[in-house]
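All chains should be built: construct the whole structure from the sequences, respecting the hints.
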Amino acid sequence: MAVDPKLQSELQKQGVFVMPVEFLYNWSRKSSVWPVQFGLACCAIEMIAAAAARHDIARFGAEVFRASPRQADLMIVSGTVTKKMAPQVVRLYNQMPEPKYVIAMGACAISGGPFKDGYNVLKGVDRFIPVDVHIPGCPPRPEALLHALMTLQEKISKQHLNETRWYDKDAPAEYPVPQCGAHDLEPPVNPEVWDLPKK
Amino acid sequence: MIPTVEQIRELLSAKSPALLVDGGELLAVAKFLKNDPQLQFDFCSCVTAVDYIKQDCIEVVYHLYSVALKHGPLALKVRAPRALEQCRVPSLTPVWRGCEYQEREAFDLFGVKFDGHSDLRRILMWDEFVVHPMRKDYVPPMDYEWEPTPHGETLTRAKAQGGIVPASALEAKK
Numbered sequence: 029m030a031v032d033p034k035l036q037s038e039l040q041k042q043g044v045f046v047m048p049v050e051f052l053y054n055w056s057r058k059s060s061v062w063p064v065q066f067g068l069a070c071c072a073i074e075m076i077a078a079a080a081a082r083h084d085i086a087r088f089g090a091e092v093f094r095a096s097p098r099q100a101d102l103m104i105v106s107g108t109v110t111k112k113m114a115p116q117v118v119r120l121y122n123q124m125p126e127p128k129y130v131i132a133m134g135a136c137a138i139s140g141g142p143f144k145d146g147y148n149v150l151k152g153v154d155r156f157i158p159v160d161v162h163i164p165g166c167p168p169r170p171e172a173l174l175h176a177l178m179t180l181q182e183k184i185s186k187q188h189l190n191e192t193r194w195y196d197k198d199a200p201a202e203y204p205v206p207q208c209g210a211h212d213l214e215p216p217v218n219p220e221v222w223d224l225p226k227k
Numbered sequence: 014m015i016p017t018v019e020q021i022r023e024l025l026s027a028k029s030p031a032l033l034v035d036g037g038e039l040l041a042v043a044k045f046l047k048n049d050p051q052l053q054f055d056f057c058s059c060v061t062a063v064d065y066i067k068q069d070c071i072e073v074v075y076h077l078y079s080v081a082l083k084h085g086p087l088a089l090k091v092r093a094p095r096a097l098e099q100c101r102v103p104s105l106t107p108v109w110r111g112c113e114y115q116e117r118e119a120f121d122l123f124g125v126k127f128d129g130h131s132d133l134r135r136i137l138m139w140d141e142f143v144v145h146p147m148r149k150d151y152v153p154p155m156d157y158e159w160e161p162t163p164h165g166e167t168l169t170r171a172k173a174q175g176g177i178v179p180a181s182a183l184e185a186k187k
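As given, the protein sequences belong to chains P and S, one line each in that order.
Offset between the first sequence (1-based) and our numbering: plus 28.
Offset between the second sequence (1-based) and our numbering: plus 13.
Please keep in mind that the hints were generated in silico from the structure rather than gathered at the bench.
Keep in mind it's a predicted model, so treat the numbers as computed, not measured.
Mixed in with the good hints, there may be bad ones.
Unchecked claim - List of simulated lysine-lysine pairs, DSS-like, C-alpha gap at most 25 Å:
{"hint": "1", "chain 1": "S", "residue 1": "Lys-149", "chain 2": "P", "residue 2": "Lys-112"}
{"hint": "2", "chain 1": "S", "residue 1": "Lys-126", "chain 2": "P", "residue 2": "Lys-144"}
{"hint": "3", "chain 1": "S", "residue 1": "Lys-67", "chain 2": "S", "residue 2": "Lys-126"}
As the list claims (entries may be wrong) - Some, not all, of what chain S presents toward chain P, calculated at C-beta under 10 Å:
{"hint": "4", "residue": "Leu-137"}
{"hint": "5", "residue": "Met-138"}
{"hint": "6", "residue": "Asp-140"}
{"hint": "7", "residue": "Phe-142"}
{"hint": "8", "residue": "Val-143"}
{"hint": "9", "residue": "Val-144"}
{"hint": "10", "residue": "Pro-146"}
{"hint": "11", "residue": "Val-152"}
{"hint": "12", "residue": "Pro-153"}
{"hint": "13", "residue": "Pro-154"}
Unchecked claim - Beta-carbon label-pair distances, calculated as ranges:
{"hint": "14", "chain 1": "P", "residue 1": "Thr-179", "chain 2": "S", "residue 2": "Val-80", "range": "50 to 56 Å"}
{"hint": "15", "chain 1": "P", "residue 1": "Gln-123", "chain 2": "S", "residue 2": "Ser-131", "range": "34 to 40 Å"}
{"hint": "16", "chain 1": "S", "residue 1": "Cys-70", "chain 2": "P", "residue 2": "Tyr-203", "range": "44 to 50 Å"}
{"hint": "17", "chain 1": "P", "residue 1": "Asp-198", "chain 2": "S", "residue 2": "Arg-135", "range": "36 to 42 Å"}
{"hint": "18", "chain 1": "S", "residue 1": "Glu-23", "chain 2": "P", "residue 2": "Arg-169", "range": "49 to 55 Å"}
{"hint": "19", "chain 1": "P", "residue 1": "Asp-198", "chain 2": "S", "residue 2": "Asp-150", "range": "55 to 61 Å"}
{"hint": "20", "chain 1": "P", "residue 1": "Ser-56", "chain 2": "S", "residue 2": "Ser-58", "range": "32 to 38 Å"}
{"hint": "21", "chain 1": "P", "residue 1": "Gly-146", "chain 2": "S", "residue 2": "Cys-70", "range": "21 to 27 Å"}
{"hint": "22", "chain 1": "S", "residue 1": "Glu-141", "chain 2": "P", "residue 2": "Pro-142", "range": "24 to 30 Å"}
{"hint": "23", "chain 1": "P", "residue 1": "Glu-214", "chain 2": "S", "residue 2": "Asp-150", "range": "21 to 27 Å"}
{"hint": "24", "chain 1": "P", "residue 1": "Arg-169", "chain 2": "S", "residue 2": "Val-63", "range": "37 to 43 Å"}
{"hint": "25", "chain 1": "S", "residue 1": "Arg-135", "chain 2": "P", "residue 2": "Pro-142", "range": "22 to 28 Å"}
{"hint": "26", "chain 1": "S", "residue 1": "Lys-83", "chain 2": "P", "residue 2": "Gly-209", "range": "44 to 50 Å"}
{"hint": "27", "chain 1": "S", "residue 1": "Pro-50", "chain 2": "P", "residue 2": "Arg-169", "range": "52 to 58 Å"}
By construction, the Cβ of each residue, glycine as well, lies at the ideal position given by its N, Cα and C atoms.
And the structure:
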């Protein structure tokens, strides 16, 4: 957006604000991110603390925890995702309308955490759904969640409308929900989302 | 053989009292322990199982307390063969109603079938799961496609199961 900064500041003094539509659009989206109200383990307690008066997530416009995924645009995966729970988490994600974002909160949601050696824990929620922000910690403090939210806001404000996933015809509308198999989830990963890191 | 009150009393004075009974007698012993006015084990706090793979048996353990007489715990133990078909013990849900979920857990994780249980199905793992993961011969699924810093048990497992771990990490370990 090519506006002469001098002219822009002159106009601002007269009460005329010149900015791209994209800026206004992203600014309004990032200032009101509504999370889905669900928690999976102890990280959820920290999420509740972040929403309570002391840490007050309302300062960032994200205090409206919706009990329905259809009314939310942020999924905070707060806690251990067991293999039994993983299909439901993916289904919840599929039911959210675009634009939607995911924060993986805590060591378990990132990688399985202390339960990584177990047979019943998903080793990172990013095996099935795309994650925007990862927060390390076990559990992360409310401040860390607030920082993740600020990071997400930064990410939202940098998005370009012509490059977003939800205007892309070829982008998948929903992600395949894994089935609970005889020994493990089937498939164990969604290769479209999760890839082995390149050496 | 149902023990006498004196035998149980003597047991309770020991450091960790345990009573090993036969599967056929379990229900009668449990009823005696609960209903005898001098014992009154009215609370079953824990049902679990132990896999003795070398002795080829699975032991189911019930921890009993008496809230009324303030004594306990008494571990009531019963053994069953490891083979899935024969791994059966009588359910104690008719005696202590609270055993229901914990017996389901022992069934889910150890494969012990409780005869007389009203609703014996998996409680922690999903219904489609076929094996019993707390048994010592259980082999977990190989889902270590990538492990940034494999070490310890993870590394051993990944190696044994031919898992994909960064070659550099394997070499560094050598």
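To see whether the hints hold, each was checked on the structure:
1. At roughly 22 Å between alpha-carbon atoms, S/Lys-149 and P/Lys-112 fall within 25 Å of each other, so this suggested pair holds.
2. Among the hinted pairs, S/Lys-126 with P/Lys-144 is inconsistent with the structure: their alpha-carbon atoms are about 29 Å apart, more than 25 Å.
3. A C-alpha spacing of about 21 Å is found between S/Lys-67 and S/Lys-126, which places the hinted pair at or below 25 Å, so the restraint holds.
4. Satisfaction of the interface hint for S/Leu-137 is found here, the shortest Cβ-Cβ separation to chain P being roughly 8 Å, below the 10 Å cut-off.
5. Of the supplied interface hints, the one on S/Met-138 holds, with its beta-carbon coming within about 7 Å of a beta-carbon of chain P, less than 10 Å.
6. Because the smallest distance between the Cβ of S/Asp-140 and any Cβ of chain P comes to about 8 Å, under 10 Å, the interface hint for this residue holds.
7. Annotation: interface hint on S/Phe-142 holds; nearest CB of chain P at approximately 7 Å, less than 10 Å.
8. Proximity of S/Val-143 to chain P holds as hinted, the smallest CB-CB distance being about 5 Å (cut-off 10 Å).
9. With a cut of 10 Å, the hint placing S/Val-144 at the interface with chain P holds, because the nearest CB-to-CB distance is about 7 Å.
10. Annotation: S/Pro-146 was flagged as interfacial toward chain P, and the flag holds, the nearest CB pair being 5 Å apart, inside 10 Å.
11. Nearest Cβ of chain P to the Cβ of S/Val-152: about 9 Å, under the 10 Å cut. The hint holds.
12. Checking S/Pro-153 against chain P: minimum C-beta separation of about 4 Å stays under 10 Å; hint holds.
13. A hinted interface residue such as S/Pro-154 counts as satisfied when its beta carbon comes closer than 10 Å to some beta carbon of chain P; here the least separation is about 4 Å, so the hint holds.
14. Checked against the hint of 50 to 56 Å, the C-beta distance between P/Thr-179 and S/Val-80 comes to roughly 53 Å, which is consistent with it.
15. P/Gln-123 and S/Ser-131 have their C-beta atoms about 36 Å apart, which keeps the hinted 34 to 40 Å range intact.
16. Judged by the Cβ atoms, the range 44 to 50 Å given for S/Cys-70 and P/Tyr-203 holds: they are separated by roughly 46 Å.
17. At about 40 Å, the beta-carbon gap between P/Asp-198 and S/Arg-135 stays in the expected band of 36 to 42 Å.
18. In this structure, S/Glu-23 and P/Arg-169 meet the distance hint of 49 to 55 Å, their C-beta atoms being roughly 54 Å apart.
19. Roughly 47 Å separates the CB atoms of P/Asp-198 and S/Asp-150, a value that falls outside the hinted 55 to 61 Å.
20. For P/Ser-56 paired with S/Ser-58, a C-beta distance near 56 Å fails the hint of 32 to 38 Å.
21. At roughly 26 Å, the beta-carbon separation of P/Gly-146 and S/Cys-70 lies within the given 21 to 27 Å, and the hint holds.
22. In this structure the hint that S/Glu-141 and P/Pro-142 lie 24 to 30 Å apart at CB holds, the actual value being about 26 Å.
23. Take P/Glu-214 and S/Asp-150: their Cβ atoms lie about 23 Å apart, and the range 21 to 27 Å holds.
24. In this structure the hint that P/Arg-169 and S/Val-63 lie 37 to 43 Å apart at CB holds, the actual value being about 39 Å.
25. Between S/Arg-135 and P/Pro-142 the beta carbons are some 24 Å apart, a value that agrees with the proposed interval 22 to 28 Å.
26. A beta carbon spacing of about 49 Å between S/Lys-83 and P/Gly-209 agrees with the range 44 to 50 Å that was offered as a hint.
27. Against the hinted window of 52 to 58 Å, the Cβ-Cβ separation of S/Pro-50 and P/Arg-169 comes to about 55 Å, which satisfies the hint.
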